[in-house]
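Using the sequences and the hints, build the whole thing.
Chain by chain, the residues run as shown.
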Amino acid sequence: MLELKPMLSALWRNKISAMLIALQLALTLAIVSNASVIVQDRIEKMARPTGMPVEDLIAVTFQPIAQDYDMHGAVVADLDLLRSIPGVVDATHTNQIPVSGSGSASVFHSQPNQEIGGEVSNYYETGPHFMQTLGMNLVAGRNFTPADMRVVQPNEDARTQVAIITRQMADALYPDGDALGKSFYNSNGTDPVEIIGIVERHLGAWVSWSKAGNVIFFPRLQENNFKRYMVRAEPGRRDEVLKAVEKQLAERDPQRVMHIETLSERLERSYMSDNVMVKVLSAVVTLLTFIVALGIVGLTVFWINQRRKQIGVRRALGATRANISRYFLVENSLIAVTGLALGMAGAQIANHFMVSSYSQPALSLPVLLVCALILVSVSLVAALVPALRAANISPATATRSV
Amino acid sequence: MFGYYVSLAIRSLRGTPVLSALMVAAIAVGVGASMTVLTLNYMMSQNPLAHKDNVLYAVQLDSWDPNEAYQRSNNEIPYQLTYRDAMALLRSDIPTRQAAMHRYGFTVSSDDFELRPFSAEARITTRQFFALFDVPFVYGGTWDADADRSPVQQVVLSKATNEKLFGGENSVGRSIDLNGEPFTVVGVLDHWNPSPKIYDLNNGPFNEAEEIYIPFGLHRKFEIYSWGNTNGWASGDSGEGYEGHLQSESVWIQYWVELQDEEQLENYRDFLTGYIREQKQQGRFQRPLKFALTNPSEWLVLNEVLSDDNRVLGWLSLSFLLVCVVNAVALMLAKFLRKAPEAGVRRALGASRHAVFVQHLIESGCIGVFGGLCGILLALVGLGTIRQLSFGYIDQVATMDWLMMLAAVGMAILASLLAGIYPAWRVSRTNPSLYLKTQ
Amino acid sequence: MLKMHNIRKSYRTDTIETHALRDFNLEVKEGEFVSVTGPSGSGKTTFLNIAGMLETASGGQYLLDGEDVSGLNDRDRSRLRNEKIGFIFQGFNLIPDLNLFDNIDVPLRYRGFNAKERRRRIEKVLEQVGLSARAKHLPAQLSGGQQQRVAIARALAGEPRFLLADEPTGNLDSLMARQVMELLEFINEWGTTIVMVTHDPDLARRAHRNIQIVDGQVSDLQHAVAAAEAATA
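Chains as they are written, first to last, in this note's numbering: chain A, 17 to 418; chain B, 73 to 511; chain C, 6 to 238.
Do not rely on the hints blindly, as some may be mistaken.
Stated by the list, open to error - From the structure, some residues in chain C lie toward chain B, with a derived Cβ separation under 7 angstroms:
#1 ASN54
#2 LEU59
#3 THR61
Treat the hints as calculated values from the structure; they're not laboratory data.
Ideal Cβ placement from N, Cα and C applies to all residues, glycine included.
Structure below.
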């Protein structure tokens, strides 16, 4: 027994209040759904596999104090020392720290003498130990050998003859999947670099780069005025290893300035803006839902108080408690559904603007529906408590004259 | 009468504590959230060189790849110059002041001190850098004129570095070792930390200003590569070794000029046009002739210091405030209509509709004042949280100045007045006789 | 003092037009105490609302103190109401959040008196109704009769020339009702014109003159005058 018609006319008499609630729900849906789709996008981004045991890795950067410094000798001695520290799985030199936001990139081609097109890739200058240190999974071909290594001066034209690349980069250069054993070239280059190995995946230096995952590893050591190492500790021993690394490197050669950090710290920093976005948006969504729920509670309580006498009369005339509660819940749902229908249109418009002006992800129907469903439930729960209380209004209210 | 209305408002708010708290909370949360985000956006959009907006220009030359335009810049001209072009532009005497520069790092050590060697962020630049950007000195001044071209080992220290090395005393004439080589201190800066770091936006616009400043003539001696961005398109074009790097088409130098008036600006444009034409004859600059002189405020926009994410948050927080205002409208409507009988009595006792309207509007205004004050607290908490999430990177932008606090209260009062207009109007329009008969 | 000529008042809903008052004529002289009676729905309340300028008539002329108020705007009507008219209601209509002092203060505030003058008047009327000791009490802490006395004090504080009372004793027991009635008579003796709507024939008879409203018109004026004369006799 739904009394829709009298309910609608009662709503019509309170149309402003009803519209205000519907408007709140509509705006909330537009905001919440757009925020959710951004949050979802960023969470997925942060959850991408890095291709590394991030929790076990330590990054070392050092700069010698003296201008003339035997960088090659220092690297060989340091790496020997690092690998001898208990708890260290392996260590390697590198030109860049993975996922740190700072690194090198260049354009490469599958044919010689190309000027236009090509595929841009992040690249490492490292050695045979990178495979084990970074915990990479070689899916085809072989690792570097010491014989592949080249030691070069900065800006020296010393291309290596071989390289290892990620599966993603291999597919970009050779879409047919037969990259192993083939070669790639610099822009305008004629000297081939042979692809001797393919690793499953590696995110590279920049997590927010559109081409993240395009990575090439060259067996090379550049003698510039600073150098980096990656050190992999046995699981759970990272912090203890970090202290030992710091102490022993400083003891071996105190004439340098060193900076040591964990890779997880670095990764967290790289995802800082995404993390801020997720946290702020989640807070906005939660607060907004809460505020709207409070508003609904407040207004439902007010309406019920206004209609105490009417409710008493209804009860006196034979309405059950359930009838009374249901009346208010149905009334609330009518408003909520109207508001959310409006909100769906609003959400689409807002999203169109977000996508076109601020390159945010597009809103999908499932996300929109889930958000709408959640808001309907919140609105019903918010109305439930006052509605149940309304059912407790005594039929005697009808005869009382205040 | 205003005082009377305020006392009535406070009495009325205390009369319905729960509803009042809800309304204050709605306004406070709305204002708190939007002020958190708007403060960030406002601080990020600051122009620390606003006072020189009419005379300062960042110089861009399109020396890029003939085959394709420079895609990483919003006006398709590289943000930075090649070393060769920077050195050529420095020869012009048209600008009142000019500076070429980039970021670098030195190890700092000294035999004289019980200080552990440390790595210092350095700006490699020309001597007019300080005058160009109004950088204040405490002691000494910039380096000698020939240091811009020949290797002169002089250094200017930031205030903090001077504190660290010399305890803040006048260190002009003293010596420190940079990368193991002796440098003479010629100047010490006062506190200077423009935010955003407008003169070099390449490596995080909210990073701190550098710790030491080094003359531009030392590139070859120290084989200095930029610690900022270096972008190239013609690999191996100019030979190997450090000299090859200096002569290459890679861009890595930021360049700023000061031009006082339209005439000087025109002269400089002619100079740049002439320079590019001359280079074209030598086979460089094969793209269509294009350069740009951009003043500081436009430079910040061009470099998108305020990111898309920030803008999204800005819109979102304003919509959030809107929901809170709608919420407050609904609650105020409920509350005012409940008090309509009282308004009826007041009307019978001689209050005009206008008086009833003003009385209720002032009540909304009071909600705004309380909401605004709570909103400031929430915004401070919000900014604190964001500071914590950002590892100190945006410490200096995630703070509220008095202007923003004032704006917060103003925004809250405005929001609550807007929210109160309709309910106050409704209650002032209701027929008083409805409420005066026996209830 | 009060003169209504051919006053008409109709309420319009979507379909029906109801005439609450039609061709309503009445004159009340300075210093009179007039009672108004009539069956429910006859238009008593509408008359009171128009007389008190809470509503405007749909047509006709209303002179208050010689001034035609029909065409005045809300602000001027509010000012006149505040200066010349005092209201007393059956439901007292005290503001529950305000204590007695502040309740009586309300019309004086709108009058724009300074604090000293307001205090003087409030203390004076509280003394007149015998509630000086309870100035800080809230309405809820008083009995019905006391509340009505406060309402009368509030109506008197502005020293109105004209008092409109709507069933002033309707919510009171007979003893209280008598006290309130005596207070009204006392006020009338001091020169304030009173128009009182009532159901109670005994009270109606105590007025100088009784008029009866039936179906939106003053009915049987002769009888009313006679009744009034009988009451004064």
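Earlier hints that do not hold, by number: Those not satisfied come down to hint 3.
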